[in-house]
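In case you want the letters, here they are:
Number of protein chains: 2
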Amino acid sequence: MKFTLQKTCAITGARAGLLETKHGIIETPVFMPVATKGSVRGIPWQTIHDLGAQIVLGNTYHLHIRPGEEIIEKAGGLHAWSKWPKPYLTDSGGFQVFSFARRGKAKIDDSGVTFKDDLAGNTHHIGPKESMQIQRALGADIVMAFDHCPPGNAEKAEVEIAVKRTQAWAEQCLEISLKPHQDLFLIVQGGRHEDLRQESLEGLISLNASGYALGGVSVGESREEVDKVVQSMSKYLPADKPRYLMGVGTPHDLKVAVSSGIDMFDCVLPTRLSRHGSYFAENGKVKSITQKAFTEDLETPLVSDCACSTCQTFSRAYLKHLFLRSELTVYYYLSVHNLHTLINFSKQMRQAILEDRFVQFIAEKNII
Amino acid sequence: MKFTLQKTCAITGARAGLLETKHGIIETPVFMPVATKGSVRGIPWQTIHDLGAQIVLGNTYHLHIRPGEEIIEKAGGLHAWSKWPKPYLTDSGGFQVFSFARRGKAKIDDSGVTFKDDLAGNTHHIGPKESMQIQRALGADIVMAFDHCPPGNAEKAEVEIAVKRTQAWAEQCLEISLKPHQDLFLIVQGGRHEDLRQESLEGLISLNASGYALGGVSVGESREEVDKVVQSMSKYLPADKPRYLMGVGTPHDLKVAVSSGIDMFDCVLPTRLSRHGSYFAENGKVKSITQKAFTEDLETPLVSDCACSTCQTFSRAYLKHLFLRSELTVYYYLSVHNLHTLINFSKQMRQAILEDRFVQFIAEKNII
Numbered sequence: 006m007k008f009t010l011q012k013t014c015a016i017t018g019a020r021a022g023l024l025e026t027k028h029g030i031i032e033t034p035v036f037m038p039v040a041t042k043g044s045v046r047g048i049p050w051q052t053i054h055d056l057g058a059q060i061v062l063g064n065t066y067h068l069h070i071r072p073g074e075e076i077i078e079k080a081g082g083l084h085a086w087s088k089w090p091k092p093y094l095t096d097s098g099g100f101q102v103f104s105f106a107r108r109g110k111a112k113i114d115d116s117g118v119t120f121k122d123d124l125a126g127n128t129h130h131i132g133p134k135e136s137m138q139i140q141r142a143l144g145a146d147i148v149m150a151f152d153h154c155p156p157g158n159a160e161k162a163e164v165e166i167a168v169k170r171t172q173a174w175a176e177q178c179l180e181i182s183l184k185p186h187q188d189l190f191l192i193v194q195g196g197r198h199e200d201l202r203q204e205s206l207e208g209l210i211s212l213n214a215s216g217y218a219l220g221g222v223s224v225g226e227s228r229e230e231v232d233k234v235v236q237s238m239s240k241y242l243p244a245d246k247p248r249y250l251m252g253v254g255t256p257h258d259l260k261v262a263v264s265s266g267i268d269m270f271d272c273v274l275p276t277r278l279s280r281h282g283s284y285f286a287e288n289g290k291v292k293s294i295t296q297k298a299f300t301e302d303l304e305t306p307l308v309s310d311c312a313c314s315t316c317q318t319f320s321r322a323y324l325k326h327l328f329l330r331s332e333l334t335v336y337y338y339l340s341v342h343n344l345h346t347l348i349n350f351s352k353q354m355r356q357a358i359l360e361d362r363f364v365q366f367i368a369e370k371n372i373i
Numbered sequence: 006m007k008f009t010l011q012k013t014c015a016i017t018g019a020r021a022g023l024l025e026t027k028h029g030i031i032e033t034p035v036f037m038p039v040a041t042k043g044s045v046r047g048i049p050w051q052t053i054h055d056l057g058a059q060i061v062l063g064n065t066y067h068l069h070i071r072p073g074e075e076i077i078e079k080a081g082g083l084h085a086w087s088k089w090p091k092p093y094l095t096d097s098g099g100f101q102v103f104s105f106a107r108r109g110k111a112k113i114d115d116s117g118v119t120f121k122d123d124l125a126g127n128t129h130h131i132g133p134k135e136s137m138q139i140q141r142a143l144g145a146d147i148v149m150a151f152d153h154c155p156p157g158n159a160e161k162a163e164v165e166i167a168v169k170r171t172q173a174w175a176e177q178c179l180e181i182s183l184k185p186h187q188d189l190f191l192i193v194q195g196g197r198h199e200d201l202r203q204e205s206l207e208g209l210i211s212l213n214a215s216g217y218a219l220g221g222v223s224v225g226e227s228r229e230e231v232d233k234v235v236q237s238m239s240k241y242l243p244a245d246k247p248r249y250l251m252g253v254g255t256p257h258d259l260k261v262a263v264s265s266g267i268d269m270f271d272c273v274l275p276t277r278l279s280r281h282g283s284y285f286a287e288n289g290k291v292k293s294i295t296q297k298a299f300t301e302d303l304e305t306p307l308v309s310d311c312a313c314s315t316c317q318t319f320s321r322a323y324l325k326h327l328f329l330r331s332e333l334t335v336y337y338y339l340s341v342h343n344l345h346t347l348i349n350f351s352k353q354m355r356q357a358i359l360e361d362r363f364v365q366f367i368a369e370k371n372i373i
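So the sequence lines, in the order shown, correspond to chains A and B.
What the first sequence shows, in our numbering, is residues 6 to 373, in sequence order.
What the second sequence shows, in our numbering, is residues 6 to 373, in sequence order.
Just so you know, these hints were derived from the structure itself, not from any lab.
Treat the hints loosely; a few may be bogus.
Put simply, identical chains are the same to the list, so a pair is met inside one copy or across any two.
[As the list claims (entries may be wrong)] Here are the computed lysine-lysine pairs in the DSS-like style, where the Cα-Cα straight-line distance is at most 27 Å:
| hint | residue 1 | residue 2 |
| --- | --- | --- |
| 1 | Lys292 | Lys88 |
| 2 | Lys297 | Lys88 |
| 3 | Lys134 | Lys169 |
| 4 | Lys292 | Lys79 |
| 5 | Lys79 | Lys297 |
| 6 | Lys297 | Lys121 |
| 7 | Lys370 | Lys292 |
| 8 | Lys297 | Lys110 |
| 9 | Lys290 | Lys91 |
| 10 | Lys169 | Lys79 |
| 11 | Lys121 | Lys233 |
Kindly produce the complete structure, drawing on both the sequences and the hints.
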């Protein structure tokens with residue numbers, strides 16, 4: 006994998022870059038749609054392609070439980086199995102198995118997490134070694150280290166343990182060899198605690214990985230707390246390597262992240278919002294399609310200046326009707342709009358950075 | 006509307022024709038996907054277009070209840086409201102309101118059906134006049150007469166009443182003026198009773214409508230009974246007008262219908278099957294994607310000689326995985342296959358009729 010920094014905004018630190026993988030070149034900043042179980046929720050691959058997605062995320066925990074990494078490896082890896090030929094990134098499964106722990110359904114120790122899955126109820130153990138072995142079999146271009154991700158409201162003592170464990174596990178992950186086309190990213194923990202974030206960051210940077218992620222963000226903290234961590238930490242991530250903010254977001258999150266020098270983001274929000282009849286409005290805020298004024302609004306698209314096929318085609322009244330009658334197509338139409346919003350906003354920010362007008366672009370875009 | 010009979014198979018009576026409407030020319034035989042509430046279940050319009058659909062069905066009952074025909078008319082009719090620019094046909098709502106009656110939730114008399122809807126519970130009355138007024142507002146190219154559709158196991162006396170009422174209502178429907186681009190089709194009733202079918206047929210033919218449909222078919226009878234009605238009755242429908250068999254079907258149904266001289270069919274089966282993980286196999290039979298052999302079948306498409314995008318792209322193993330994990334995309338992928346199967350089979354039959362090789366084509370196709 007080769008990362009080329011093309012341009013950095015002198016005022017904000019926002020960056021435009023190229024990330025070259027075996028399965029294609031990724032232009033950053035980039036929003037990555039989430040294909041947890043090998044499919045973006047409700048959206049056919051052709052549409053993901055048409056939306057201009059450059060890389061998608063698979064999930065190690067979910068794919069390990071079903072269908073299992075053996076069959077995916079036998080198919081030739083995630084790309085061949087799911088027929089998405091462009092780059093893939095796999096999350097390590099840490100986030101999922103730690104959410105079992107939060108519900109009292111898992112035992113954590115220094116070797117990893119032991120838990121019963123929520124399907125067949127079998128007992129599993131996933132630690133850094135297992136996560137790497139599964140991700141090796143899955144064959145994504147970018148694989149994530151197995152980290153300890155405490156909840157957003159965790160006590161400092163717990164976050165401290167998480168930071169130390171994440172460091173030890175990162176070292177163990179680096180010892181497992183991946184396939185030639187795969188690269189490992191390490192994940193900075195530390196919650197809201199600047200000193201712990203700094204400790205995690207320094208420890209992981211010393212390991213000289215291919216890329217770095219901010220983890221444990223947007224796991225229950227306030228928006229201000231998320232912004233603060235992103236704004237204060239991003240600048241310390243190595244400048245010559247891709248920087249990934251995990252699990253956000255919204256147009257606001259992307260604005261803050263890119264302005265802080267982040268290159269990559271992922272989130273299930275665009276498709277999840279659509280299942281609740283929600284969409285990103287002009288200013289990036291989440292609005293509901295069920296609002297009263299939409300019932301008879303036959304003239305206006307969801308968002309007036311949006312170039313997505315949904316806004317180019319359908320009225321608010323028609324989309325609201327489909328949602329109220331639980332027509333499955335509305336989830337598709339809203340997801341197309343929401344995914345387009347984030348993919349296109351990332352692309353616009355990239356273009357603005359390259360053309361030295363990022364600050365001006367952000368000011369005019371008026372994302373709140 | 007202009008119907009041109011291009012060719013009739015001398016052996017079977019199978020026909021190829023052209024049906025010219027304001028919104029486009031329909032090449033027959035044609036399978037019509039069902040967009041009950043203004044959207045084909047789970048399939049975006051772009052895909053319906055890409056599948057080569059020429060005309061779709063809306064439902065008068067459902068669209069009357071929500072969002073109401075006023076707003077659709079205000080939008081410029083079904084085409085403009087739903088953004089499907091090609092021909093539309095609306096069912097009269099008779100089938101739906103009579104299904105309320107079967108569940109003891111409606112009162113039928115010679116003026117129509119009085120019932121409470123299953124949403125807000127408001128009381129409605131729909132008879133021939135109301136159905137025509139609603140369909141006029143909806144603006145479909147082809148509108149269906151409001152008929153009395155008894156269940157498949159109804160006593161002969163009940164079917165006899167249905168035939169007489171359907172005749173009287175057809176006359177009333179013809180008295181209501183439609184929009185200039187709209188044409189009314191009448192619906193033959195009579196259940197499994199050849200004498201009643203004949204009576205209904207002769208009565209309706211005397212009214213000289215733009216097209217004729219066989220109704221009350223596939224409403225609970227055996228496959229053999231359906232085949233018998235289609236085979237014995239189709240030939241009596243006026244040769245110079247389009248013939249529509251309502252509510253079927255399967256590749257088998259299409260084979261029987263086209264061989265009997267039918268030009269048009271519709272059915273929710275292609276999308277309904279997909280929600281149950283079922284698909285049309287090579288020989289037209291319905292099979293399940295959950296079969297054991299599919300778990301590890303990474304090489305074979307659903308149907309080997311199928312040109313649909315699903316079969317051209319995905320393995321059985323991947324599709325089965327998506328279904329078992331309730332990933333919404335599998336309903337899309339299976340629906341694309343099932344719709345393609347019927348649309349393409351219709352197209353192939355048409356081509357064979359035009360090229361004087363229909364009997365040979367059907368023999369080779371081996372639909373059972």
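Status of each hint after checking the structure:
1. For the identical chains of this complex, Lys292 and Lys88 are inter-copy neighbours only, at 23 Å across copies versus 33 Å inside a copy, given an alpha-carbon limit of 27 Å.
2. Proximity of Lys297 to Lys88 under the C-alpha cut-off of 27 Å is restricted to the inter-copy arrangement: shortest distance 22 Å between copies versus 41 Å within a copy.
3. Taking the shortest alpha-carbon separations for Lys134 and Lys169, only the intra-copy value of 17 Å comes in at or below 27 Å, while the best inter-copy value is 77 Å.
4. Within a single copy, Lys292 and Lys79 get their C-alpha atoms only as close as 43 Å, which misses the 27 Å cut-off; across copies the closest is 26 Å, which meets it.
5. When the C-alpha separation of Lys79 and Lys297 is checked against a cutoff of 27 Å, the pair qualifies only between copies, where the shortest distance is 18 Å, while the shortest distance within a copy is 52 Å.
6. Proximity of Lys297 to Lys121 under the C-alpha cut-off of 27 Å is restricted to the inter-copy arrangement: shortest distance 25 Å between copies versus 45 Å within a copy.
7. Taking the shortest alpha-carbon separations for Lys370 and Lys292, only the intra-copy value of 18 Å comes in at or below 27 Å, while the best inter-copy value is 52 Å.
8. In this assembly of identical chains, Lys297 and Lys110 lie within 27 Å of each other by CA distance neither inside one copy nor across copies; the values are 43 Å within and 31 Å between.
9. In this assembly of identical chains, the alpha carbons of Lys290 and Lys91 never lie at most 27 Å apart, being 30 Å within a copy and 36 Å across copies at closest.
10. Proximity of Lys169 and Lys79 under a CA criterion of 27 Å is satisfied in neither setting, with 36 Å inside one chain copy and 65 Å between copies.
11. When the C-alpha separation of Lys121 and Lys233 is checked against a cutoff of 27 Å, the pair qualifies neither within a copy, at 36 Å, nor between copies, at 56 Å.
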